[in-house]
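If you read the sequences in order, they're chains Z and U.
1 is the number of the first residue of the first sequence in my numbering; add one for each residue after it.
1 is the number of the first residue of the second sequence in my numbering; add one for each residue after it.
Possibly wrong hints are sitting among the right ones.
[Said to hold, decoys possible] Using 25 Å as the maximum straight-line C-alpha spacing, the simulated SDA-like pairs for lysine to any residue come out as follows:
(1) Z/42 to U/27
(2) Z/45 to U/75
(3) Z/42 to Z/15
(4) U/41 to Z/39
(5) Z/42 to Z/109
(6) Z/42 to U/53
(7) Z/2 to U/111
(8) U/41 to Z/11
Rather than coming from a laboratory, the hints here were simulated on the basis of the structure.
No experiment lies behind these values; they were computed from the predicted model shown.
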Amino acid sequence: RKEVEQDPGPFNVPEGATVAFNCTYSNSASQSFFWYRQDCRKEPKLLMSVYSSGNEDGRFTAQLNRASQYISLLIRDSKLSDSATYLCVVNPSPGNTPLVFGKGTRLSVIA
Amino acid sequence: GAVVSQHPSWVICKSGTSVKIECRSLDFQATTMFWYRQFPKQSLMLMATSNEGSKATYEQGVEKDKFLINHASLTLSTLTVTSAHPEDSSFYICSARLANTIYFGEGSWLTVV
């Protein structure tokens, strides 16, 4: 089983749509969780951290379910500029350890 | 502004030559940096952990003699792809931690012809 699994998509949605991405991770001891955004041929950039209590940043909402080892990202009112690949990322242990990346889910928002 | 800087952004080299990629932490010290590689439509795969003043730790399947890592200072790690071949063509990217956030360099596109 892969450490971090995501639906690769692509998700093609119209502007204004709501879209949800899901992710599962295999290491139950994982410490922290993130969503990164990667534009074509660019480096990943942190979109938001994910907490068990859920967190929201504008149109973006992230949820973590530790019992199910499941992470989600909800994007409301999609914009053309949201088109990118969204990476589910897990920090497997405390300290300065490398992140583990999912393959990413590609989103295309269409006018 | 950038927190981690990587250079060069793009490089084309002939098969059999070596290429050096630099990763710098800007205005902070990074005792540890991470090097990843990403092939098209694939996830970022950790290649090695670069440790200042000591040997790098390589992931399984990554040849340490081919991918030389040097972390001689607290703000600079270098990755040298030795005797590059076309199959080494990829996106190489480094990262470092500042406070509780991982920052990435801009990445380096390597094309071996």
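* To do: Provide an ascending list of the numbers of those earlier hints which the structure does not satisfy.
  => 6 and 7
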